Every structure is written in C-alpha cells, then in structure tokens.
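Listed here are the chains, written in short residue letters.
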Amino acid sequence: MKKSQRLRWQAAAIMTSALLGVAACSSGSSSSSSSASGGSSSSAALTASAPGVTTTTITIGSHQPLTGPAAPGYSEIAPAANAYFQYVNANGGVYGRKIVYKYLDDGYDPTKTASIVRQLVLQDNVYAIFNGLGTPTHLAAVSFLNSEKVPDVFVASGCDCWNAPSTYPETFGWQLDYISEGKILGQYIKQKFAGKKIGFFYQNDEFGQDGVKGLLDELPASMVVAKQSYVPTNVNVGPAVAALRAAGAQVVVSFSIPAFTALLKLTSLKLGFSPTLVVSNVGSDPITLSGLLEAFAKQGGATVNGNQLTTGIITDAYLPALSASDSWYVLFKKVHDQYEPKAPLDGNFFYGMSVAYSFVQAMFKAGRNPTRADLVNAIQGGLPQGPMVAPFAFSSSNHLGVTGAYIGIIQNGVVTQQGSVLTTDSTATGPISTYTGSEEQAPASGVPAASS
Amino acid sequence: MATTLPRRLGVAIVVAVIVAFLSIRLNAFRDFQIAEIAVEVTAVAGLTVLTGLSGQISLGNGAFMAIGAYATALLLLHLNWPFYVVLVIAAAITAAAGAIVGIAAARLHGPYLAGATLLLGVALPSLALAYPGIFGSDQGLNVVFSAPSFLGVNFPLTRWQAWVSSAAALIVLVLLANLDRSRIGRNWRAVRDNEVAAALDGINVAAARVRAFVVSAACAGLAGALLALVTGLVAPGGFTLTLSIALLTAAVIGGLGSLPGALWGSLVIVLVPTYVTDVATSHGLSSTVAANIPIAAYGVVLILVMLLFPNGIQGGLLRLISAFLGPDQKSRNRRNAPTPHVTPSADQAPASQHEKEGTS
Amino acid sequence: MVEFLQFTLSGIVFGMIYAAIALSLVLIWRGTRLLNFAQGGMAMLTTYVAIEVIYKTNSYWAGFLIALAAGLVLGAVSEVAVVRPTVGKPELNSVIVTIGLLILIEGLAGIFFGGQYRSFPAGFSIKGIRVSGTPIGVSRFDVFTALAVLAVTLILAVTFRYTSAGLRMRAAAFNATVARLSGIRVARVLTVGWALAGLLGALAGVLVSPSTFLYPNSMDAIFVLGFTAAVIGGLDSPVGAVVGGLLLGVALSYVGGYLNSDLTSLVALGILVAVLMIRPNGLFATARMRRV
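Residue numbers (numbering that gives the first Met the number 0), protein chains in the order written: chain D, 0 to 451; chain A, 0 to 359; chain F, 0 to 291.
Chain D on its own, in the form it takes in the complex (with noise of 0.2 angstroms):
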C-alpha cells in the first residue's frame, strides 16, 4: 500500500494500543466494597456497611455550579457544608467516622451533571448524593440515582417535583418548595395589602413560574395588574419595571435571585418607582444585597446607601435570622471562623452549614453501620427539625421538605421576624396554618446527638 497511506495504519495503531493498554490498568480499579451489613451490632466494630462507608470514613458526593453564571452566591453553600462537615470530623465524626464531601462542578449544565453524578456514582462510590443544587441540572441526576438506588438527600431546589416517593424514593427536598412559599407571602400580602395592587417580577423558570402559582393560590386575580419575567441572561431590566410602574403596582412581589432583586431596586431607584417589595427567600439575603449594593453605598458623593435600600423589603424565611441572640447562628459562626474565615457569613453560608447539620442528624440515625437503605428509612422516619423554624415533612409518603417559614422584614440589614411561623403543602387548596410548635436550640458541642 502506499506510504501516506500506511501514515494512517499506523497512526491508528498506535491509537489503539494505547487505549487498550489504558483499559487494561484501569479496568482493575471498579471495585466497591459493599459487604452486607447483617445487622447492626451494639457499640460493636465498625464495618465497611455500604458503598462509600469504610471503618473510618463515609464519602458523599454532589453536583454543584462551582463555575459558570450560576455560580456567583450558590458556590459558597458546597463549602460551607463542607466547613460543618469538617467540624463534625474533629469533633467525633459520625460514630467515629470521618464525613469526606466531595463535590463536583456541573457548571449549572444538565449533561455535565449527568456525566459527574455517574462518576461520582459508579467510579468514585459515593454513599450517597448530597445537595445536588439546581432544578434542570438535578433532573438529570435523579432518574439514573433512583435506578440505582443510591440516597439522594436534600436536594438544593424547591421543586416540588423531588415529592414522588413512588417513583423516585431516593429522593428527598429539604428547602421550603417555591409553592409554599408563594402561598405564603400571598396569604400575608391579601391580608396586609388587601385593595392594592400588585405586581409580579419573576424569574422565567420553574423557581419563578412554581412561585407564582403559589402566589396565585392565595390572591385573588383581581389584585394582580403586572406580571413581569426576567431571564437571568439579560440584565436590563429596565423595561420590566417600567412596565410593573406604568400598570400601577403597589406592591411588587420579587421571585428573583439576589443579583436581580438588586436591579430591581435599583432600575426602581432610577424610575422613581418606589412600591413595596415582597421577596422570596432565595432573592432577600439582606448580607448578600447589601453586598451587591455596595459600591453604590461607597461611591464618593453617594446619593444611595446600601441599608437604605434594602431596608422594609417583605420576606419569608425557614431558618433562623442571622442575629447574635440565635444560638444556630453563634454555632455557626464559630464554624465559619474556624473552618472558613474568609467566606462572608451570610445567608448561603447559613443555608449551606443548616443542611449539612441535617444530614449529620440523619447519618447518626441511620446508625452504627448504616446501609444505604437505613440512610432512606432514618429519613423518612422523620428528622428532627435542627435550624429549621418548622417541621420537616418527611415521610413514607412524603419527601418534600421543611413545611414552613415566617414571614420577615428587613431592617438595618437584618430579617425582623413577624407573627408566628406558618406551615403549608404544595397543594393549590392546601391551608396554611399557624405553627405553634417552638424551634430548636443548637447543641452545645455542636454535634447532633447520636441518637434515635
């Protein structure tokens, strides 16, 4: 054959022997140990119970935008998870075992979550997936981990799509879902701003349109004059808010991400639009607006301060204020100082440390030498509520998870809290009650109790 032709011949393989002779070193390495556990014992050796479990350490995994547009404010929650893990290792651990959290970027791209859950699954054998964050980029993940049957704990969403027990019973929420939310702040705006108009700003997708729905639940149609939606990939606003002033809005209720809540307030600034603003928990971390409003407080000859602009936004909230007097708060704070000193405390920070706290809850009740299903059945016991202002819901029937939240306002950079907690479902007719249970306090030494 001609030469250039056996170039190519031998180009190939050349290609080939080396892959195959990558395939054979690697091919060695798919073990997992999984021996059965055959029963707990008493305070008995630890034994290798599960994937991801050895004597010493339990490995969990997660899929989170490190990188990317989604990544500003979400990458501190994977971290700061990690801080409380890490706090929990040097104080005992989980009956002695070390958590290792190792968290993988999706980059918020479903096929990239895809392909890191099944590493994370079948190469790296992680016990269980834990604050997998995101609605689109999760959907990706949650069939292949059900099929699988590996635990896939507290998602980082508030879909209420993570509720199918019969068909994904891995699966479990942990946040309050963006309908309950709405149906909330509904309720608190038809009875505080009853004959007023309303307008809505929210972001297109499911946190937005789910929030709405929620909303929608509660106050009557007729209150409703705008209905304005961003895209996270179009920052001028503008238009939107000068649509929701032409229609007349009084209150403006805000499903947006922090970032957009601040152009909210400040494209209002610039149009001399001043309603009153209600906005999810997701977009009302006052430490993270006032972040975001900064440059605007410190700029030489400033005609806008950063508290200021913040300041009487309307709000709900699951966990606790970020205020000295809470004792999760003076727990968490000593985690953060210890473990993650340069990150701002604020409230993906708290959010991040709460579900790590939760899963620590669950790890103990799950036991000595926990299988994969003891992880799943501890939950749907039932958990304790740890940070959270109200119950979780977890059950046999039921994987959605905190029920609740109080509605809050914002003053000198702080969530004020008014009235009682209130707890609801996702349901379109699903009452909202009022919460008459009280709150946890946090431990002493900071560890859960290894109990029940």
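Simulated from the structure, these hints should not be mistaken for lab results.
Just so you know, these numbers come straight off a predicted model, no measurement behind them.
We put the CB at the ideal spot given by N, CA and C, even for glycine.
Take every hint as true, because none was put in to throw you off.
Per the computed footprint, the stretches of chain A lying under chain D, defined by three or more beta-carbons under 8 angstroms from a beta-carbon of chain D, are:
1) 23-35
2) 131-141
3) 236-243
4) 289-298
For each label pair, taking beta carbons as the anchor points, the in silico distance ranges come out as:
5) 80(F) <-> 131(A): 44 to 50 angstroms
6) 165(F) <-> 95(A): 45 to 51 angstroms
7) 285(A) <-> 0(F): 49 to 55 angstroms
8) 3(F) <-> 200(A): 51 to 57 angstroms
9) 278(A) <-> 3(F): 53 to 59 angstroms
10) 340(D) <-> 4(F): 48 to 54 angstroms
11) 130(A) <-> 47(D): 48 to 54 angstroms
12) 3(F) <-> 131(A): 27 to 33 angstroms
13) 416(D) <-> 133(F): 37 to 43 angstroms
14) 4(F) <-> 189(D): 33 to 39 angstroms
15) 130(A) <-> 149(F): 36 to 42 angstroms
16) 269(F) <-> 324(A): 51 to 57 angstroms
17) 322(A) <-> 61(F): 50 to 56 angstroms
18) 130(A) <-> 3(F): 26 to 32 angstroms
Place chains A and F on chain D using the hints.
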C-alpha cells in the same frame, strides 16, 4: 469508490469490536464516557465536514443538537416508537432544519456566517422557555431508555448506551468518509478553495453549501438524539453556547477536515477536564479553585495546540510519524490542511488582499 | 407614552455598550482581519483591575483610567503573544486561539478573584433624571455612559481620518504589502489596533459592570450582543457598529417591555437574519459581492 468502501467497513468493524471489548472490560462510568465520546464524535465529525471541507464556519451546531434531542424526547414521549426509528427521524428533522439554515446562510461568509450561527446557537434553546407547554421550560423533558430484554436483565444500561452510541458514530464516520471521497466531497473542497472557479466549473455553489449544512445538521441532530438517550434529560441548559464552542474547538484541535481528528478532539474535550480536576483536587486545592483549573487548562491547551500544531492533533501525528519514517513524496497534508475562509474570499473585496508575510 | 420614552432611553444606553464592544471588534477586524472572541473576557479582566484599584485608592476615576490603560496593555500583549504567531496559518486557528484566550481568562479570573459577585460602582449618580417631575428612565451615569462611548468613537474617527497615525492604520488595513513598501511598520500598527480595541472593551466593561455585577462570566452575554451588533452594522464599518448597537439595544428594550424577556435572543436572531438576507455583509458594508 467501490474498492475502498469494504476497507472502510472493515476498519469500522474492527473499531466496533475494540469498543465492545473496552466496554466490557472497563467499569460502568468508563462505558458512559465511551458513550459521551461517541456522541461528541458524531457531532464533531459533522462540523469538521462543514467547516473543514466546505469552508463554512458554524458556531451554532449546538442548536442542531438541541433540535435532535428535543425531537427525540418528544417522539418518545408522544409516540413511543422504537429508538432506532426515532434516531433516524430526529436526524432527518434536524437535517431539514439544516437545510433552512443553509439556505439562509448561503450568501454569508466568514465572520457574518460566524455571527449568524453564533446567535442561532444562543437563541434557539430559548424557544424551550418561550413555549414551556411543549418543551418543558427550563426543566426540560425526560427520556427513558433501557436495554432491550434479549440482552438479559443484568445487562448494564451504560454498556448498552455505549454500544448504541458507538455504532451510530461509526456508521456516521463511514458515511462521511464516503462522502468525503465522492463527488460531493470534491465539490465541497472546490467551493471552499475558490468559489468563483468552482462556479465556472459548473458546480452549483449554493447547493453544495446547503448540502454541507444538511449533512452537518443531520450529524449534530443524531448526536443530540443520542445525547438524549444517554443522559435521560433534554433541557435548554444543556445546549448553551458553550456546547457549540466545544464542538468547534474539538474539530480544530483534532484536525479540521479530518475524521480521525473528530475522534482526537472528542477525546480531548471529554477526558481532559475530568483528569485535570482530579489532579487538582488530589493536590489539596479547594474544590472551587480546582473547578476553575480545568477551564484555564483547556484555554491553554487550545492556544498551545493552535500555535504548535496548526493542523491539529491529526496533522501533528502525521508529521511525527513521517518524521520517524523519513520524508514522504506524496504529502497527505494536501488533504488535511484546509483553508476555510474566515476572511472574505478573493472576489469580494477588490483591494483587501491581505498578505501576512512574516512578522516584522 | 412615558414608558415608550423610558424603554427607548434605556435601550440607547445599553445599545452604546454593545456599540463599544462592536467597535472594538471592528477595529480588530479592519486591522487584522481577525475575530477577537476574547474581547468580552478581556473587558472583564480589566474591570477586575479597576475594582481592585478603586478599593485600594478609594477613587473611582483612578480605577477608571487604570482600567483603560490596562485595556491598552492587554490588547497589545494579546496580539503579540498569542495572535501574531497564528498569522499565515489556517484562518480558523486565530479564532480558536482567541476562544482559548477567553476560556483561559475566565478560568484565571475564577481562580484569582473568585466566582462571587463583586459590586462595581458607578461614576455618577444612579438616581433617575426627571423631566418636569417624570422620570425618563435614565440616570446621570447612564448619560455619562452614552456620552463616553460616543466621545471615544468620535476621537477614534477623527484620529483615523485626520491624523497621519490614522492614515497609517487605514493603509495597513487596506493593503499591507503596499503599506510596508511605503515604510509603514505594519506589525506595530496591528498591535496598536488591538491595543485600542482593548481600550474600548475596557471602557465597555467599567460602564456596564454596575448593572451586571462583576464575576468571571459577566461579559459573556454582552459580548454576544456586541458581536451581533458588529455583524449587523458590517464589520468594516465603525458607523455600522454604533448603528448596530443602538438598533439592537433599543429593539431588545421594546421586546422586554412590550413582549417578554424570553424572546430577546430570538428577536436579536430575527433582526440579524433579516439584515443579512438583504445585505450579507452588514448594513454599512463597504465590500461588494461580485457575482460572476
């Protein structure tokens, strides 16, 4: 050419056997990566034909993948036909879209074509948000795909996905190789190199260009359909501009206009980022910093490969091997060194003949 | 009616940002016949430089000017180090190189500056301007934005047309060989072109970052629209860049106000396709196709 088709099929069969062997020997995650690579190869091969052979740059092939993926999801959801039928139909639908785009783009060259295809890649997925009832908004549509029962209950789904994707990729590669050597391929190269001369030669330039778009779109549509089967979810977040750019960089890194180049480029974009992340995390860097390193590294790889191997990996490989074996009379580089025109071609701007001699 | 005015004015302001990016692309295209995909990324990087300076010196204008200077430097360095070696090689290589540069810059920004939002100050008041009591939809800073881009554009136009330096640049772009024979240092001229483009990008970055907040990917969407504006206007035409930018900014503003913000990229695509159907080389194309 009748004599080379059997040889090509032979190569394809050998590769298929190798892939099947690998998919059984390697673990389930590697099988998934084989499927991913096969998907990329399918899309990149189509793009390398469009840009390398017919000289039309496209920054929007991700949009064609989206069309194929959504078509697959909708067909399976509403009609539940067998997957191989659905794959073909999805490719056909995307080919039709490619024809429309090709006709619209027939008069566009260089940066204008780049700009139009770029915006296509950005804008098309937002249709899913504009019509959420059909397309499922940002949550997308689910795709259920399982291994056929005759393989047994315990046959791993990932291996089946690897087989299906690899088979499709190999079929596409054989077909494209045939096209490459055929009159259609020769017409493409003629149009790429000098449109005026090609037209004088009796070649229908517009038809050749549209044909290239159709072929490229069909490949991308098939790749999108396979992606839907492999990942199980079709959502707009999976078809951003990043995807289109990844396809183009894979095509150029591998070697523009060469089909083996499509494989090398796909290997790079699928395997390098994971490898670099693992290295970074094992060195104790925080996961957030470690997540940015593969991004910076990929940028460096792109720059270095372009500076050191202007004809991509395939060109570099051929040069290396011929350096080993001594000088070759008939240089293969004639076929593998395309000059797709990002600048306006000679007949357009009378005086802007840009000669870039040396760097003073 | 007031809303129409508000939409129009805010559209003009954003349009000027797109025009600045478009202008930088036109500068590079006219000078070197290359597309610089890294323009947005370079603008993001110089804006980070600005914010570090602003926080250290507490002076907005120091940051502003240093960002522009950094833009000059970054543009020049990119041309010499990364782009010039691709001259003479297949054309697409320089596109891939600039894409590589973009990806590298975004990765480095993530590593060194972190991925969180940074609040970027505005040089003037952001409170709305009122005309007889009615807010017209723009602030003093917005007016500054539009005027700054306009000023730089005019300065560049005057420089190109009336100074010998500008003449040299136009000659080098028109016919490099003849220019070289006339004694023009073509390579230096190309570097200057990239440097000026870097300056324009840096300007766009500091002007738009108060609205986008600063993070590694903050200029991505702006770049796409700036590129679109350049294509709409014609890559050979600075006037086209400004017209394209304004057209796009205002049109998308109307879409966001009267229709739905989902549709903005689809409408942009529609406008682009419509323009290119009629004039395949953009609205102000100087090159004419000769059909044989």
